[in-house]
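Visitor: Knowing the structure of chain G, use the given hints to seat chain B on it.
Chains as they are written, first to last, in this note's numbering: chain G, 16 to 368; chain B, 16 to 368.
To be clear, the hints were calculated from the coordinates, so they are not data collected in a lab.
Please note that the accuracy of each hint is not assured.
Heads up, the list lumps identical chains together, so a pair's fine if it works in one copy or across two of them.
Said to hold, decoys possible - DMTMM-like mimics (lysine to aspartate or glutamate), calculated; alpha carbons at most 25 angstroms apart, straight line:
1. 362 x 341
2. 270 x 145
3. 28 x 122
4. 85 x 21
5. 211 x 159
6. 139 x 22
7. 211 x 84
8. 37 x 22
9. 247 x 56
There are 2 protein chains.
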Amino acid sequence: MSIFLDERLSSLKAYVPGEQPKPGEFIKLNTNEFPYPPAPDVAQAAFDAVGGMHLYCDMNCTCLKAEFEKVFGYGGNNVLFTNGSDEALYLCFLAFCGKNRGAAFADITYGFYSVYADLCGLEKKIIPLDNDFSVVPSDYYGCDKTIFIANPNAPTGKKLSVEEVEGIVKNNNGIVVIDEAYADFSGSTCALLTEKYKNLVVVGTFSKSRGMAGARLGYVIADCLLIEDLNKVVFSINPYNVNSLTQSVGTAVLKNNDYYAECVDEICKTRDDFTNRIISLGFEAIPSYTNFVFAKHPEYSGEYIASKLRENGVLIRHFSNARINDYVRISIGTPEQMDSVVSALKKIIGGLK
Amino acid sequence: MSIFLDERLSSLKAYVPGEQPKPGEFIKLNTNEFPYPPAPDVAQAAFDAVGGMHLYCDMNCTCLKAEFEKVFGYGGNNVLFTNGSDEALYLCFLAFCGKNRGAAFADITYGFYSVYADLCGLEKKIIPLDNDFSVVPSDYYGCDKTIFIANPNAPTGKKLSVEEVEGIVKNNNGIVVIDEAYADFSGSTCALLTEKYKNLVVVGTFSKSRGMAGARLGYVIADCLLIEDLNKVVFSINPYNVNSLTQSVGTAVLKNNDYYAECVDEICKTRDDFTNRIISLGFEAIPSYTNFVFAKHPEYSGEYIASKLRENGVLIRHFSNARINDYVRISIGTPEQMDSVVSALKKIIGGLK
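Same shape as in the complex, but just chain G (with noise of 0.2 angstroms):
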């Protein structure tokens, strides 16, 4: 750190991503990302974005829009896209948070949120799930922060329903953002949602049910006015966000919507058959809605089942709060890779009986 920076920022704790080791080193299940290939024509999309590359792109992302609407039914006004969906987040944050309102979210799930909320220098809600780890949907009526909530939520990959989403949102007067990153792995959303409710900021991405956690694609669906909202901030920032290259991609991704789609049931297979699988080697799974699977061994610490796989080349997440310490989340990878998984564990608790 120099003597240069902000004070503010100085004992500012930066977000730990999952360890991103070099490719084939591990079977690489710590950070939920797509286990399959992009779909066949997606490649030539990027091939042919680069001859346009030196002209900016286009801000409005008009091609890509017009697919996304194709497939989630809803573009124009409002719809905005983000480099990844970080950045959709923390667009929301500063946006909707503001020094006298501050931020409200759980004490378990997605670790940006109180980064973003340290960063901006906001007052934060934290609002522990109840003891099975689930939200609580009437915790958060009323509330006079600004609500950030993980749908299904992250780590635990728990969801609340459409319907416990719409008992928080009508039961608040301000802002409600819900983080769809995993929706497309547990069969619901509440996009609709936003058509009756203009308290109501959608988030998404296309890292985990799309395959471009690298190539950052991320999305918000809100009634128009937020998104006029968000746009202001994104032009007061960086109006090309979304790359070109990306743009395209992103496109062509959605043209083989069917492809990733059956790609996401497969996932889904994948993970109840795995789940099943560790419960019967004696784990506690929370049935999830994600493409990950929480899990813990009555007898075998979160951290010694992480570190042993490791030693097996699997690379799984292990996280060091109190409340979650016990726990693993193994990210849902091909149906060889799991097996590789269920290897590994059997041979690890076998190892040590």
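Guide: Showing chain B alone in chain G's frame:
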């Protein structure tokens, strides 16, 4: 605007980027883009990167940084890559300005400095250029604010020498940010000064001289402690800020550095030739160290020239600030494009005489 937008932002005036028309609609000379195609093997790099884009991108931009070091002579802990140089500038405002410090910059310069200062709620010290639009180095000596200087400056196209910049840096205890977006067209860079001065940040971009405006790639060269500060902010906003497609494309562009250097030479020749031709049409043109020319005509207003050129299929930039209202900024395209501009200007000026 919604009722939810933070009041600090509600009065904010966002940056107004140059118009981005549909490709082919105009001879587009309004946003200082690179007029030549990419080097032949760059598109393949984008194609290949799609195969790995389901994984999060490399936060350290390892391959890109290695190639950057070969070309620029700086790498490791002295370099940071960003989602365009706008993001680099924003990070500098966040990291190095702070509530009690604020920012100082010229009255006529890149418009985003003022927007960032407002967005961050900073006190601004606006330092006027002198009568011939020069930055006066001593005006910046002993400044109590963090200094931002575009060098060469936009939209004037004038530059300070490395010695003049050094004078500013060594006569300040605080951070000096030198924005070198156009430095490749000027024949000099202040990057070497970062080895000597721990309060100097040099920002650059691949948009102007490397044909990547749409793909978004900026960089910072500075003392390792300043890079550490900026990295901390990146990790508090968007650790995966530079996507994998852009990283691959940027690496390929750097591997073809000779091609881009030749293009830059060609652009400089075209610029000098174009400058002479419009002077012979009666324009007053400031000798330019960039890929654009800032010029005015004694008889026709800047607004008139821009609007008439538009009618003739040529898009250039006119700014409405009082001090530069007479001027137009014309980006340098291919020789053929500039022939068209000269023909159109002859028609416009001739037509009214």
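Visitor: Which earlier hints turn out false for this structure, listed by number in ascending order?
Guide: Of the numbered hints, 2, 4, 8, 9 do not hold.
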